Every structure is written in C-alpha cells, then in structure tokens.
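2 protein chains.
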Amino acid sequence: MTHPLFSKHEDTLQKALAAIETRGYWSPFAEMPSPKVYGETANADGEAAFKALLNQTFELDQPTTGETVGAEVSPFGFPLGIRYPKADPDTLLAAAATAQASWRAAGPQAWAGVSLEILARVNRASFEIGYSAMHTTGQAFMMAFQAGGPHAQDRALEAVVYAWDQLRRIPADAHWEKPQGKNPPLAMHKRYTVVPRGTGLVLGCCTFPTWNGYPGLFADLATGNAVIVKPHPGAILPLAITVRIARDVLREAGFDPNVVTLLATNPNDGALVQDLALRPEIKLIDFTGSTQNGTWLERHAHQAQVYTEKAGVNQIVIDSAADIKAVARNIAFSLALYSGQMCTAPQNIYIPRDGIRTADGTLSFDAVAQALADAVQKLVADPARAVELLGAIQNDGVVQRIEEARTLGHVLVESQSLEHPAFAGARVRTPLVLQLDAAIDSAKFTKEWFGPISFVIATDSTAQSLELAGKLAAEHGALTLSVYSIDEAVIEAAHEASIRGGVALSINLTGGVFVNQSAAFSDFHGTGANPAANAALADAAFVANRFRVVQSRVHVEPKAAPVAVG
Amino acid sequence: MTHPLFSKHEDTLQKALAAIETRGYWSPFAEMPSPKVYGETANADGEAAFKALLNQTFELDQPTTGETVGAEVSPFGFPLGIRYPKADPDTLLAAAATAQASWRAAGPQAWAGVSLEILARVNRASFEIGYSAMHTTGQAFMMAFQAGGPHAQDRALEAVVYAWDQLRRIPADAHWEKPQGKNPPLAMHKRYTVVPRGTGLVLGCCTFPTWNGYPGLFADLATGNAVIVKPHPGAILPLAITVRIARDVLREAGFDPNVVTLLATNPNDGALVQDLALRPEIKLIDFTGSTQNGTWLERHAHQAQVYTEKAGVNQIVIDSAADIKAVARNIAFSLALYSGQMCTAPQNIYIPRDGIRTADGTLSFDAVAQALADAVQKLVADPARAVELLGAIQNDGVVQRIEEARTLGHVLVESQSLEHPAFAGARVRTPLVLQLDAAIDSAKFTKEWFGPISFVIATDSTAQSLELAGKLAAEHGALTLSVYSIDEAVIEAAHEASIRGGVALSINLTGGVFVNQSAAFSDFHGTGANPAANAALADAAFVANRFRVVQSRVHVEPKAAPVAVG
Numbered sequence: 001m002t003h004p005l006f007s008k009h010e011d012t013l014q015k016a017l018a019a020i021e022t023r024g025y026w027s028p029f030a031e032m033p034s035p036k037v038y039g040e041t042a043n044a045d046g047e048a049a050f051k052a053l054l055n056q057t058f059e060l061d062q063p064t065t066g067e068t069v070g071a072e073v074s075p076f077g078f079p080l081g082i083r084y085p086k087a088d089p090d091t092l093l094a095a096a097a098t099a100q101a102s103w104r105a106a107g108p109q110a111w112a113g114v115s116l117e118i119l120a121r122v123n124r125a126s127f128e129i130g131y132s133a134m135h136t137t138g139q140a141f142m143m144a145f146q147a148g149g150p151h152a153q154d155r156a157l158e159a160v161v162y163a164w165d166q167l168r169r170i171p172a173d174a175h176w177e178k179p180q181g182k183n184p185p186l187a188m189h190k191r192y193t194v195v196p197r198g199t200g201l202v203l204g205c206c207t208f209p210t211w212n213g214y215p216g217l218f219a220d221l222a223t224g225n226a227v228i229v230k231p232h233p234g235a236i237l238p239l240a241i242t243v244r245i246a247r248d249v250l251r252e253a254g255f256d257p258n259v260v261t262l263l264a265t266n267p268n269d270g271a272l273v274q275d276l277a278l279r280p281e282i283k284l285i286d287f288t289g290s291t292q293n294g295t296w297l298e299r300h301a302h303q304a305q306v307y308t309e310k311a312g313v314n315q316i317v318i319d320s321a322a323d324i325k326a327v328a329r330n331i332a333f334s335l336a337l338y339s340g341q342m343c344t345a346p347q348n349i350y351i352p353r354d355g356i357r358t359a360d361g362t363l364s365f366d367a368v369a370q371a372l373a374d375a376v377q378k379l380v381a382d383p384a385r386a387v388e389l390l391g392a393i394q395n396d397g398v399v400q401r402i403e404e405a406r407t408l409g410h411v412l413v414e415s416q417s418l419e420h421p422a423f424a425g426a427r428v429r430t431p432l433v434l435q436l437d438a439a440i441d442s443a444k445f446t447k448e449w450f451g452p453i454s455f456v457i458a459t460d461s462t463a464q465s466l467e468l469a470g471k472l473a474a475e476h477g478a479l480t481l482s483v484y485s486i487d488e489a490v491i492e493a494a495h496e497a498s499i500r501g502g503v504a505l506s507i508n509l510t511g512g513v514f515v516n517q518s519a520a521f522s523d524f525h526g527t528g529a530n531p532a533a534n535a536a537l538a539d540a541a542f543v544a545n546r547f548r549v550v551q552s553r554v555h556v557e558p559k560a561a562p563v564a565v566g
Numbered sequence: 001m002t003h004p005l006f007s008k009h010e011d012t013l014q015k016a017l018a019a020i021e022t023r024g025y026w027s028p029f030a031e032m033p034s035p036k037v038y039g040e041t042a043n044a045d046g047e048a049a050f051k052a053l054l055n056q057t058f059e060l061d062q063p064t065t066g067e068t069v070g071a072e073v074s075p076f077g078f079p080l081g082i083r084y085p086k087a088d089p090d091t092l093l094a095a096a097a098t099a100q101a102s103w104r105a106a107g108p109q110a111w112a113g114v115s116l117e118i119l120a121r122v123n124r125a126s127f128e129i130g131y132s133a134m135h136t137t138g139q140a141f142m143m144a145f146q147a148g149g150p151h152a153q154d155r156a157l158e159a160v161v162y163a164w165d166q167l168r169r170i171p172a173d174a175h176w177e178k179p180q181g182k183n184p185p186l187a188m189h190k191r192y193t194v195v196p197r198g199t200g201l202v203l204g205c206c207t208f209p210t211w212n213g214y215p216g217l218f219a220d221l222a223t224g225n226a227v228i229v230k231p232h233p234g235a236i237l238p239l240a241i242t243v244r245i246a247r248d249v250l251r252e253a254g255f256d257p258n259v260v261t262l263l264a265t266n267p268n269d270g271a272l273v274q275d276l277a278l279r280p281e282i283k284l285i286d287f288t289g290s291t292q293n294g295t296w297l298e299r300h301a302h303q304a305q306v307y308t309e310k311a312g313v314n315q316i317v318i319d320s321a322a323d324i325k326a327v328a329r330n331i332a333f334s335l336a337l338y339s340g341q342m343c344t345a346p347q348n349i350y351i352p353r354d355g356i357r358t359a360d361g362t363l364s365f366d367a368v369a370q371a372l373a374d375a376v377q378k379l380v381a382d383p384a385r386a387v388e389l390l391g392a393i394q395n396d397g398v399v400q401r402i403e404e405a406r407t408l409g410h411v412l413v414e415s416q417s418l419e420h421p422a423f424a425g426a427r428v429r430t431p432l433v434l435q436l437d438a439a440i441d442s443a444k445f446t447k448e449w450f451g452p453i454s455f456v457i458a459t460d461s462t463a464q465s466l467e468l469a470g471k472l473a474a475e476h477g478a479l480t481l482s483v484y485s486i487d488e489a490v491i492e493a494a495h496e497a498s499i500r501g502g503v504a505l506s507i508n509l510t511g512g513v514f515v516n517q518s519a520a521f522s523d524f525h526g527t528g529a530n531p532a533a534n535a536a537l538a539d540a541a542f543v544a545n546r547f548r549v550v551q552s553r554v555h556v557e558p559k560a561a562p563v564a565v566g
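In order, the protein sequences belong to chains A and B. All residue numbers for the first sequence refer to this note's numbering, where the first residue is 1 and numbers rise by one. All residue numbers for the second sequence refer to this note's numbering, where the first residue is 1 and numbers rise by one.
It is possible that part of the hints are untrue.
[Unchecked claim] One side only, chain B facing chain A, incomplete, derived with CB under 8 Å:
1. Thr-22
2. Gly-24
3. Val-37
4. Gln-166
5. Ala-174
6. His-175
7. Trp-176
8. Ala-504
9. Leu-505
10. Ser-506
11. Asn-508
12. Gly-511
13. Gln-551
14. His-555
15. Val-556
16. Glu-557
[Claimed, not checked] Taking lysine-lysine and the PhoX-like style, the derived pairs with C-alpha atoms no more than 25 Å apart in a straight line are:
17. B:Lys-178 x A:Lys-36
18. A:Lys-15 x B:Lys-178
19. B:Lys-182 x A:Lys-36
20. B:Lys-559 x A:Lys-15
21. B:Lys-15 x A:Lys-178
22. A:Lys-182 x B:Lys-36
23. A:Lys-559 x B:Lys-15
24. B:Lys-15 x B:Lys-36
25. A:Lys-471 x A:Lys-444
26. B:Lys-444 x A:Lys-178
27. B:Lys-471 x B:Lys-447
Hints were generated in silico from the structure; no laboratory data involved. These figures come from a predicted structure and were not determined experimentally. By construction, the Cβ of each residue, glycine as well, lies at the ideal position given by its N, Cα and C atoms.
The whole structure should be built from the sequences, with the hints applied where relevant.
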C-alpha cells in the first residue's frame, strides 16, 4: 500500500537516488527566477505576499501562549514589524510528542512522500521566501532567491533522499531458516520496525536560515521524527513560511500538523535555547552558528544526536597561475559575494613572499596582492551593480568586526559604505583586504573574522602555505580550501593538505564557479573531519542515526525439509 | 586495479551484502566444531596450541617497553600464567599514526580484502581461540568455540560488509556539468577521497572478548582506521591471538602491522584507559562494559565517536501459554546458559498474580513460578551435564552478587556450587531464582544483577507487565524482551512495548531458539534506542561515521554543447 504522496514524487526520488550515486549535476528546482518556470506573475506575487506579511501578526495555527514575539529588522534598513505567535517550549514538546505517535506509525514511504510534497510547495513559494530571505539575511535578491529558495530545496531533497536510501535497505520483515541437519530447520518470521528518535530541534542561523536549516529539518521528517524549528531571532520569516507550508501539507495528508512547529523568539534567546536543548524529549539537534554555541551543544546535550556547523577559516593558496587577472577576478567575486558573510567565503590568501610564476614570468608578492586589490575595487566601483553582489550586512556585529579588523595590518583595500539606490537605510559595506605576514601575524589570521574581511598573507613558500592551510583547517576548522597552481605536483600536495585538514579543495577556479558555492547532490558541504562541522551535508552519517530499528521474531513453519543424513 | 585480497574474498562479500538486505539465515563460518569442516586434528591442535601458550610470554612483534603484563586466571580454576609484552600508550599511538598513513591510502577495497583475509585466518584458529575464550570467560567449550569463534567472526564480517556497503556508494570521481543556456556548460571533474577518522580504540569485555570486540575492530579496519585493541585484563588471550593474526596478514599484504596493536594490561587499569580514551589521537572508541564506564566515555571523550554497550535489564512477560512446560524449559535454558553472564540473558520474569491462561485452564502464579523453578532444577540436576551449559563464573564479583541477591526475596531456586568433573577448581554456580512483587520491589528489580540471578515478579496484569517492560527498557536499558502469549492482541501490545522500550522482542520461544541468542546478518544486537547501548550490531549508523569524505574539484572541458537559444 504505497502512500499517494510517495507515488506522486517517486520519480523525483529515483532521480535523486541516481544523482547521489553519480554525483554529477542535477537539480529538480529551477535556480533562475524565470517567469517561464515559476509563472509570469510569480515575482510580483511573491513580493506582494512578502509585503503583506509586514507589520502583521504571522498567522500560524499552532499552540501559543496568546502573546507574540519578533523583532526582525531588514539589513536593507527597515523593521519588518512582524509578530509571531509566542510558544511555550513545554507545550510544543508535548504537542510534538503527541503528533509524533501517528507520524511514526505512518512509516518511511509516508515520511518521504510528505517531505517531498512539502518541498514541492515550498518551491512554489520561492519568491515569497526569496524576499523574506533578502530582508532578514541581507542577501541581494538574486542570491536570496537562489540560496534561500531552489538551492536550499536541493539540500533538503538531498537529506530526504539520503534518508530514504538508508531506510529502503531495512526490510519490513524476513524469513529466517537455519538448517538443523536431520532435524527440521529452525524457522522464524522477523519484523523490523523503523523507530524514529522522537523530537528534533533545528536551530537556524541568520545568514542562510533555509539553506542551513532545511537539511536537519527534512532529515528529521524523512526519518519519522517531529521537529521544533527555532529560527535565529534575526531571520525568523523564511522558516516561519516553511513551517506554515509543512503544517498545511501534514494536515491535508491526515497527520497532526504539530509534527512541525515554530518556536519564534525575541533576540537574546540563549538561555531559552540552552534549556530546551537539554530537555530529555529532544533527541536530535541541528545547529548552525558560532563555535562557542555549537561546542556547548556537542558537550552538553548528551541525550541528543547533535549535528553542528560552526566557524572556520577558509583559505586560498596561490602558487602560480597562467592568468593572474582571471585568478584575481574569481577571488574578488568570492570575497564580495554577500559581503563575505558565507561560511564558505575565503579569508586567508597565502602568497609566497618571493612572488609566483605566471605565463608572463615571475610576479612579485606585491604585484599579486595589487592584482587582487584591483579586482576587488573594480567589482565594487559601481554602487548600483555592487549592491546586487554585496547585498547588505546582516547585523551590526559584522560592521564592528570590520572596524576592529582594519587595525590588524596594512590595508590593501579599504572597506567603504555604499548608498543603496533602492534602500536608503541599507547597511552596505565593501570588502576590507589586509596584508599580513605568516611569520608574525598568525594570532590574527588563525581565527574566523566573519564578514567582508580577508587577509593576503606572505609566506616563505607554497610548501609553507599548504602546511599552514592543512594545519589551520585541522585545528581551527574550514569549509573550503582553494589552490591556484600550474604545477601538478603542487596540486597533488594541495590534495594531501586538504586531506590533512579534512577540507574540500577547489583547484584553479577562474571561470563561472566560485569557491563559496557548493552544489547539492555533488559537493559535500562540510566534511565532519575538522572543527568547522561535525557532519557533512549530506551523507549517510547525517541520516543513519536519526532512527533506530526495533525487531521481533517468532517461530513459523519451516519451508525446507530436513537434510537427509547417512 | 582490484586488490588481490578483495578479489579473493569478493564472493563472500557479495553473499554478505545479500544477507544484510534480506536478513534471512546466512553464515560463512561453520558453527559446529566439526572435524569435517575444521580438519580431523583441529580440536586437538587447537587445544595443544592453547596449552603451549600457558606460562609463557606471548610472542607479539610490536613496540614494547620490554616489560611484561598479564594476570589472567581461568574461571575453571588455574592461572594462565601468560605474560604479554607491555606497551606504552604513547608509543602505540605514534606507531598507529605512522601505520595509518599508507593504510589510509590503500583505499576501501584493500581495507575490505585485508579484513576478510584476517577473518579467514581467525576462523582457522577457532579452536585455539575457543579454548582461550573458555579459559578466560568461563564459558563451557561448545559455547566458547561458537560465540568466541564462528559467531564472533560472523559479527566481524557483518561490520565489514556494512562498511563496504556504505563505502561502495561513494564514487571515486564524478563529471559535473551544469548547462548555462546559450553559453558553454560549466564542467568540473571531482575527486572523492575516503578519509578514515584515524586511530580507533577497542575496549574489550571479560565475558565475550571477541564477540563484542570484533565489530568495532573490524568496522574500524574496514573503514581504513588503525586500531589499538585494549582487552579486559581478565580476558586478554582471545584478542591477543586475534591481533597477532591481524598483524601477520597486514605484514604479508605489505602494510605496516602497527595498523593493529595490542595494549595488554594488568588488572585495575581504569586510570590508564581513561587517560588513553581522552587522547586527541583517539578518534573512535568501541566499548563493552559497565554503564558507569560507558557513560563516562560518552560524556568525556568528545574528540571521538563513541560506541557503547552497557548494562541493561532483560525481561520476560508471561501472559498465557499453550504449554507451560515448554515455556519453562526454554526460559530455564536461557537462565542457565553461561550462568546468566550474557548481556542478553533474562532477569525479570513478569507473571500476573492472578495466574495465566493455558490450554489446560488457568494456572496460578505459584504454579507458573514452580514450573519455572522445576525446569531450572531439572536442567542442573546432573552436574556433569550442567557444567557444559553453565560454564564457570567469570569473576568473584559475580559470586558475591549471588550472595547479595539471595537476601532480596523469597528464594524459588537456590544457587548451588557444583563440582566440575574435569576442573577441580572451577567456580561453578547454578542459577538463583527469587520471587518479587511489582507492587513493592521495584527498587530491587530495576537494576541489572549481572550473573545467574533472576526474579519471578508478580504483577497486577499483563498490561502492567508490558507497561513495566517498556518503561524499564527505556529508562534502564535492555537488550532483550520476550513475551509468551496465545492472544494476538497481547502480542501486538508487546510490539508496542518493545518500540517504547527500544528493545528487540522475541515471541513464544519454546523450541530451539533462545532469547539470549542473536544471529548476525539477521538480528540487530542492541538497538541504540535505550540506555543499554548507543549503537546496534551492526547497521549503517555503526559504520558511516568512522570515515569522512574529502573532495576536490577542477574545471574540465564540457562534454555537451551549449543549448541553442532563440
């Protein structure tokens, strides 16, 4: 008896299974905000839907205290004025436990089918979610649409298909029959029941609330768990819309919608989160945020499986290049994209102090640094175009960090405020690029400076650059490592460094792919092999411990005859 | 370029893959100590090999301080007198790290092939290991042979095949090509390198050193890790022989044998183990033992993935029965087998105080209790036969526990010392069975009384029995739950209780299968869903986080042409 939503989406699931096996390019969700795909009025409708949410109480039919919370402010310069129903954690935990009982019993096909139906509906809301992501994270619209919409949906589907790939291997039952020589065989019927952990807690971040929040949410759902979604207080809306859609789908499919609930909070909700994270009912936690908070969860929430993505120091090693301008253009884009507020954005750029080889002969360290500086400056020279790349700074902490960083060394590129042509109050800053020296500045560059802050670092040699890159990644965490070299031996050495550092390597990116980008179904985001994350998006380990199997066995009649002896 | 040992054992691996998919009966290792399978002189040779090890220094070509350790005493009444090379943990950690580098680079096929070759050789040593297991654990020979030999080898192979099943899904490389409309596609070549965690630590127990130790050891090896095997000081020999074989195979296959090393210790090695378990080099820990030690590891060894099997309270619910004598015979066997020193042995037997339904009408509580008592007494009435079932008590702690338990309530069956006909000094005790009442004695029966100690507990009803069973399993842990009923509704209720308790259920066992038994490739041993274990033997979750994947990506020429537009 196949669940109808499973049948409806089975083709997508099959294609996704093939995609995670071959890891080539694949996506069922169109990344371009094209009227042909999403509908002629989709953009206007989505923007209108977003605007209609402003200065209202967000409607969500779930247990509430009757009060409201919420204080989101758009990084583009205006308060959203949205109030969310306040929920009591105890009430949500009880509601989740109640809802989980029948959800658990529905089984793997229903979990996959409902998850995929939620995703299909979320996809149709991509513009509304895109504008919501834009005005909570500060991403420019195109990025907010893509990263907050289809790319996040890809990562969600990836989590669902990994879950399904594991669940489908567990047979519902088995006939076990052990020969006993001349005696009749021992025969048993065995039943295997997939038992979800219970209730999961998803702790969202303020820069990629959906992209980083969906994998845990959908991995939990697809393995039969209930989920409490606790967004970052600064970026509630994209997840609130998602929760509303999830609840609609659950309700329509005949389930208790409290399988998914929203715990919206006011800023400074740390104590509330810590209390909730240690509750015995919480069996799964997915967290994206600071190393401090993530490590606290890993070390204290012993009752739960804890999946974290934390801070890291992403690095670029420049050894040699055919075309330094192409290198510089690509790196500058990576530094500027969403003002470096990506967990994958590069920070440390290592260049040998004696310069590098290029097709046109040796280029001095200063010349390489200047090429990078020029490329950054060129990219942000036109404010109207620049803001579509930079977006806005998510919060004042990042602005303060730029101020603090600018005293660390020689400034190669100064960070500037830009006026946004459409949003007068937008908090826009261009990248700050500093020059440091590996010999004396390691205390400065061995920590994350989250935001549009990067360091061009002089090293003794490429060998030292790679040594540093591997060591920093292993000790302080990293999500990306990038190398530029025309020397195969250096590229192999970079592979070795990436393995030592447990960090994904990009090689000679000079075209339309940037180190910040991570493609679902093909690129593992994070490795779980260094302190930046204890899990990867997504793999078997990300899903296989979100459920357990409980079996039974009972004697039945054997099918085979005793073995004739003698 | 397939590794020759992978080719050699590929057929076994394919059969094992099929087995974990269908979970029917399968085993490549003959469980009967038959001369036809193992060779006419295998038993005598194995016993001679064991005896030749006594009162000698165990030869093991690995880093040592030059000193020796070891104080094993056979539960059958004589000191083994075996001294093992003492190893310094720092030296072993360094040797493991060195050895791991080339082992890592060998890749998944080599890891699987070498693991399977080790197992094939271990299988040939089953008699030697069987006698070693007998004289360290106290198991009677047949059980020591089976559980210490082929059944342990089955569990090891199961871990290898689960590892391989996950590893084979990760492609070595991929071609990723993303259409760009009228522009040329973006094309990249991606490389995926499986990166093992590093060094694992296997902490053995004194009752099933190989059966419980092999899964972690072989899961680590099959995912490319180095392993330090730290046996329980009371049961070093079976693992020492295993390590020696593993090192031989590694050396012959061209690897540094320090991929597997032995850390033999004297009794009371707790401080040494705690120090080692927190070392940053230790990335994986597999532990079988007390709840106290297991929980300590889970809460302190944050640098490692920790897999534990701890204490639990196994339970039997008797609701009704067609043939109470068959029920009693089966239960009595489970209580007597290896003197209840199995993590799967039942302890709490719940019977309604108003009696049970049988084919011959209602049987009073006292009559059921008496039937159980009679069956136990009958089973141990003949000492010469009894000792082949009971084996010997592993350590004096168990004897003292019997003394302590005997004061807890009305004694239904008294525990007795038996003379072993072959071993004058053997520490043999028959099962102690007490009568308790659920209404007043819960403090007594909600903890594990490891050893030949069981409680027949009067409850208000089967509903209360099942309520207790689910609750105890969930709160205090359990590896087994057994129900006897002729009522389908009760059996379904038992399923629900087993799911609430996260514990495997056996139904109406009255024949040749006993609740203590757990068959590799078919029965999950432990669920990871209650406090008795945080993992199951074996499943995807047991292996998927013992390695990570590190990728690289580089642009290549696209294969497809741009899409014609217009």
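Here is how each hint holds up against the structure:
no.: 1; hint: Thr-22; verdict: holds (6 Å)
no.: 2; hint: Gly-24; verdict: holds (5 Å)
no.: 3; hint: Val-37; verdict: violated (13 Å)
no.: 4; hint: Gln-166; verdict: holds (5 Å)
no.: 5; hint: Ala-174; verdict: holds (4 Å)
no.: 6; hint: His-175; verdict: holds (6 Å)
no.: 7; hint: Trp-176; verdict: holds (5 Å)
no.: 8; hint: Ala-504; verdict: holds (5 Å)
no.: 9; hint: Leu-505; verdict: holds (4 Å)
no.: 10; hint: Ser-506; verdict: holds (6 Å)
no.: 11; hint: Asn-508; verdict: holds (6 Å)
no.: 12; hint: Gly-511; verdict: holds (6 Å)
no.: 13; hint: Gln-551; verdict: holds (5 Å)
no.: 14; hint: His-555; verdict: holds (6 Å)
no.: 15; hint: Val-556; verdict: violated (11 Å)
no.: 16; hint: Glu-557; verdict: violated (12 Å)
no.: 17; hint: B:Lys-178 x A:Lys-36; verdict: holds (19 Å)
no.: 18; hint: A:Lys-15 x B:Lys-178; verdict: holds (16 Å)
no.: 19; hint: B:Lys-182 x A:Lys-36; verdict: holds (16 Å)
no.: 20; hint: B:Lys-559 x A:Lys-15; verdict: holds (21 Å)
no.: 21; hint: B:Lys-15 x A:Lys-178; verdict: holds (16 Å)
no.: 22; hint: A:Lys-182 x B:Lys-36; verdict: holds (16 Å)
no.: 23; hint: A:Lys-559 x B:Lys-15; verdict: holds (21 Å)
no.: 24; hint: B:Lys-15 x B:Lys-36; verdict: holds (23 Å)
no.: 25; hint: A:Lys-471 x A:Lys-444; verdict: holds (15 Å)
no.: 26; hint: B:Lys-444 x A:Lys-178; verdict: violated (38 Å)
no.: 27; hint: B:Lys-471 x B:Lys-447; verdict: holds (13 Å)
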